[in-house]
Amino acid sequence: METTVDGLVIGSLYALVALGPCLVYGLLRVLDIANAAALTLGGYLVLVLAERSGSPLLGVLVGMAAGAVLGWVVQRWIYLPILDRGPIVTLVTGIGLYIVATELFRLLFGPSQRSAHVDLPLPDLHLGSVRLEGIDLLVLLVTFGVIGITWYVLTRTRSGVLWQAVAQDRHVAGAVGVNSPRVIAAVFAVGYALSALAGALLSVKYDAVYPTLGDIPAYKMLAIIILGGLGSPLGTIVAALLIGLVESWVVASFGFALPRDAIAFVALILMLLIRPQGLIPSRVVKV
Amino acid sequence: GGGSGGDTVKVGFFAPETGFGSADGRSALAGARLAVEQVNADGGIDGKLVELVTYDDASDPKQGAVIATKLVTQDRVVAAVSGSYSPQTLAGATIFQRNKVPLVSAYAVNPGIPETGDFIFQQDFNGEVQGRAGAVQFAQDGVRKPAIIAIDNDFGNALVDGFQAQAKKSGLDVVSVDKNEFGEKDFDAIIRRAVDAGADGIYLVQYVAEGTQFFRALRKGGTDLPVLSTEGIDSAGFLDSIGGLAEGAKITTNLNRDSTAPATKAFLDAFAKANDFPADMVAASSYDAVTMVLDAAKASGTGSADIQQGLRDLKDHEGATGTVATFTDGRQVVKPVQVLQFRGPKLVAVGEITDPSVITP
Amino acid sequence: MSTEGKVTPLVEVRGIGVRFGGLQALDDVSFDVRPGEFVSVIGPNGAGKSTLFNVISGVQRPTSGSVLIDGRPIRRYRPDLVHARGVGRTFQVARPVGSLTVRDNVLLGAGGRRLHGVLSSLRPRGRDKTLQHRVDDLLELAGLTAVAHRPAAEISPGDLRRMEIARALGDEPRLVLLDEPAAGVGSDGLTPLAELLGRISDRGVAVLLVEHYVGLALSLSDRAVVLNRGRLLALGEPDEIRANQAVIDAYLGTKRSRGTVVVPPATGTEEER
Amino acid sequence: MTYAIVVAVTAILMASVVVSLNLTAGYAGQPNLAQSAFFGLGAYFAAVLSVQHGLSFWAVLPVSALVSGLAGAVLGAISLRLREDFFAITTVGLNFVVVALFKSIDFFGGATGIYGLPLPTLGGTSFTNDHFLVLSALLLGLVVLVSKVVRDSWYGGMLMAIREDELVASSLGAPVALFKASAFALSSLLAGVVGAVYAFFISSITPETFGFNQSVLLLSMLIIGGMGTIRGAIVGAVLLTLIPEMFRFASDYRSLVYGVFLVLVLRFQPQGLVGEDSWLARGAARLLRRSRSAPAAVTEVSA
Amino acid sequence: MSLLTIESLRAGYGRSTVLHDVSLRVEPGEFVVVLGSNGAGKSTLMQAVMGLRPVTGGRLLLRDLDLAAQPVHARVRHRIAYVPEGRRVFPALTVEENLISAWRPPGRGQAACLDAQYDLFERLRERRSQLAGTLSGGEQQMLALARALISEPELLVADEISLGLAPMVVEELFEVFARLNRAGTAILLAEQSAVLALEFATTAYVMETGQITLSGAAADLANDPRVADAYLRMS
Ligand SMILES: Nc1ncnc2c1ncn2[C@@H]1O[C@H](COP(=O)(O)OP(=O)(O)OP(=O)(O)O)[C@@H](O)[C@H]1O
Ligand SMILES: Nc1ncnc2c1ncn2[C@@H]1O[C@H](COP(=O)(O)OP(=O)(O)OP(=O)(O)O)[C@@H](O)[C@H]1O
Ligand SMILES: [Mg+2]
Ligand SMILES: [Mg+2]
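Residue numbers (the working numbering), protein chains in the order written: chain A, 31 to 317; chain B, 287 to 647; chain C, 499 to 771; chain D, 19 to 321; chain E, 57 to 291.
Pulled out of the complex, with its shape left as it was, chain A reads as follows (with noise of 0.2 Å):
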């Protein structure tokens, strides 16, 4: 039970950070490694901020704030010239962006992991035999709150289709009436917003920052991505939960028997061998 909690929070942190990534993935076919940028950034800013001024809250407003602005600059300067020149060069660039980040980040905050023991004013939860941290129950509210309103306004609102129709042909969407690059900006701002959030969430929850903290999540979100099938964001959220849970599943009843990164594209793999099309495809259409 306290095993299956533990893979939810975790899942939930996953599913935080792979939801950018995958409404960028979705919107222009870029898998986008540079995001985990943000993810770093947000934790920095949250530990730094909340060292300097006692606010966490601040630390994490500023966090999305400057997530947002990255990844407006991002796609403004460095993506969207390039894009035609399809998925490969895109994601080797990405590569090319995180590393010159975590490079500025240790350079700016030194080697060493960073650690402001913040402190949140929130209750621990008893239920029953379970106690849940207050961090990880507020991990838990964020990003089901964020999953609600992405649902709603993907699949409830013309933005949904509008965000489809860039998707599938930025310049003819531009030609009926979509004003393309602005839909493209909103969806980097706000990914690498949630994942400065999910950051921020993250290194206070383990109260912990390193300039790789990006690593881990950078890769395995690619996996998530996949396993929900690719550019759909209830598959992604799916997905990330289910990676979550699998993890503290196999290492509470086998111990690390598989390196945890392995576990993940393990999953991967069998479940695209079964299933080639993902958990919950998006919609192709082969011509």
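To give an idea of the interface, some chain D residues facing chain A are shown, with a C-beta separation under 8 Å as derived from the structure: (1) D103; (2) F230; (3) S273; (4) V278; (5) L280.
Calculated from the model, a selection of chain D residues having no Cβ within reach of chain A, i.e. all distances over 12 Å: (6) P80; (7) N147; (8) L196; (9) W297; (10) R300.
Hints in this document: simulated from the structure, not taken from any laboratory.
Quick reminder that beta carbons are idealized off the backbone N, C-alpha and C, glycines included.
Chain A is fixed; fit chains B, C, D and E with the ligands onto it per the hints.
What follows is chains B, C, D and E with the ligands alone, placed relative to chain A:
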């Protein structure tokens, strides 16, 4: 091997200044620099100043061989010190051995390093020694059924091998061994497993980041099993980031901050003056490795072969991490293992393992 | 030729049905194509013409019925296997290999039948003399000599359509399936296209043609197949089709249309037939 | 001098792997982010068989080739089932899985890796760096030759067609499955041979050496140089091997320089430095044309 | 004041200029057709008007608004709609979602607008929840047109609407255009079916290698021997 032409004595050095090991790289470099500065302030060796030629291996094993070649053939160093982890050190060692340039490994624990050949020395006690010392210490503390939670790389493997070998002799019954990847954050489930398996103590072989998360999980789970860890968390950053979470836990390491030995005190003072972060075992070990090379050069001459001879002849070398009587025939050291305990904001010495059958490689 | 009777059909389509979810795109369609015959497939939008081509060329497995080539049924619906049995095709929307030159595109179409295995296909594609001659000949036939060395991505839509035809002819197929070759070709390009189609037929290659320029299609055809909503509406010689009331209602319309175009017959074709 | 040779050998070996990667990633257009896994398989089999089973360098080469080639064929078979992006990420995962296997299967020596590979011998004399230089140059020559044969054949043309449109390729008679799988097998086989030589050259290997980062590095080399061209593969590999070496003095900023270089090149020359239609390639073409057309103009006038 | 004024327009692809000094006017409620053979530059002109091709010289005005300064989507907000060459529907959206993507809030309600299009193209009503990419070629062409019309434009810019359509459907479409036109929508059409185009249009331009070579009332041009020679022989 390289000659010692010119008016400086060139000593090579490499450490992971960037990449995941960059925190250790920073300490190692600072320790090595301190040793060289001190010697140069004293007038150098035979009137020649010492020049430390340093390279960053970026925490990448592949770079070991390239850097070694560069140090040997381009920079023509007379000897070198590895301030890096085992993979890089091993890769470089082959090259130094082929070129007959002595290499001293500062804190890499793989027992295979000195096996590379007669020019390769290991300054720190190797991983198996420290593992054995861990088992002895746990037995002394009254633990009977330890669980092992170790990082899955050669550091972890070497220590776990030593610990398990000694465990039988010391009457310990290891209930479980779990190995995690670098970067692991979630130890909740694995601790629960250890408890369920009936463990009455945890032997923890981790680095700083993983160690921090382990203690968080341990406290969160409300478990108060005794924990014995290793030099892997003996790092400048750990005390700072851990808060009070590791209170009471012990580690085995080579640097005793409370030591009354003059060499250790002098090092700690000088290091504190030169740097804005505290000394740790990586810094001290790198400092010691470099001083060993320089002392050997002082004693026997500044050629590569001279330094090799000097290292072989090294007697009662007083270093920051204790006194080395001599290198063994296998070019390893025999040094007591320090046992420290987390008490408040400090690491306090609580014991020393000196049993020769344990600490001799 | 249609009057000659007892010739083994080159391709027999027997009771083909294709279902997409709730939609019956093709329903029990049967007809055959004899060696060297020119058959048009016409019908309203969404009638199932392209789907039929996909079935015959092995792209789409039918949900019922079968296709026979030389009396033997297609068992595995795989385009390369059908190609190896002498069937070439073009696509409704031109699909060039854009990074290769026009010449290389045609060259790719030539050689597949002899070079199926990996090892045999490793011979340099630029050196085989007979292959080169055939490619030059096809480029000439399709009027592409001038643009032969330009990347296929850069040439005009009209040239592109002719390149597709040349490419489909590369392996000396006995039947080519042409899906709307005239779409997007300007009115001034239609006559050369009609002549090209005539010349292909003259070489003894059977042609199955989907085209909305009905006049052009019927004037070249020996027979025509009319599809409507997946079913075979009519099958017969051009004059019968033009006069068929069902066809007029469903497809041709009563008013004047492009169906009245008459193409001057390419010289020499009459005698040969 | 020796240092220069070591760097040169490294660069040439990297160039060889990248040229082999170009077969799948460049010609067939498959987003292959797992090349270092095959490179690593070759290296690992060579290391294990020579260190633990005493086989000679020359005896392990064919084994490495075979093992990597077979593994490549399996990946090729997987690629048939998956869409482009699914496949890309599967190859990402493959790196993690292969590293996990190297670590957890005893045969491969665990997390410690394998060290102390003996120097290969030829006619009784041990290899020196000079021998390695000659051997790696020959190897590069072989890989380039194979690539050229592929590029100029019907097979290679069809791989390019597959890259753009599988349906067209198969409608023109290409057995897509066979061609794709064989391209992977060939590319991996070559990478495996290079891996074996590399293992002997650096004499100690660890699992992480062949992880995802290395795959990314190999692919970056190809893209920076110019995907789909042999010259691009070579130029990219040489550049990305030399640049970090040249920036050793800037130790603290070295990785930053590397990252910035990667981003800048891809941003402003996404077709690669010497790829089709890059500034350099265009400039060279213009020069060639000028030097050719000048005399032609004269003859025209005089004619 | 003209609705659309194109003056000495230059546009092209990268280094190659395709349109040289093209001038053309569309008056409110006029039906203008641009004829020309393959590669003449018709599509380039349509794309330049929509902002999908950068303009390198000349002027482009909607009434007195400088269109060239407007991003693509803003031109649609100024009530220009576009049918791209070669359909380009959104393949993974359903028919209905394709239409919704182009519907603009002010004006009639979404349901009413959808119905209007379905009335025009019954086939689309039948296929409303089918993914557009799986429609037949002609069905996609209808969808592309409906998608443009649903925004109730003042100016419709259409590129080769007859492509791939059955003859009857083409005639119906031209009648639809005529009806729209009578209701006040101005139309700028690039077309190769010259006979029908000249019959329905009010004004016609002939384009050759990026330049306008002939222009005038459609009826006059239909009788012009130069046009008949080049464009009416076959159709
Ligand atoms: N994958 C699919 N899923 C669902 N319906 C499909 C699919 N493919 C085709 N259809 C439907 O099948 C019918 C036949 O399509 P097909 O493309 O064969 O028509 P066509 O005769 O070629 O028409 P056109 O002349 O317009 O090209 C169409 O109504 C189309 O919508
Ligand atoms: N992507 C491109 N790159 C370079 N040149 C192009 C490109 N697209 C078109 N062209 C060139 O621009 C010119 C005009 O093309 P455009 O498509 O505007 O002609 P069009 O009149 O619409 O022809 P069609 O009737 O065939 O549609 C042609 O010469 C063509 O080769
Ligand atoms: Mg069709
Ligand atoms: Mg056009």
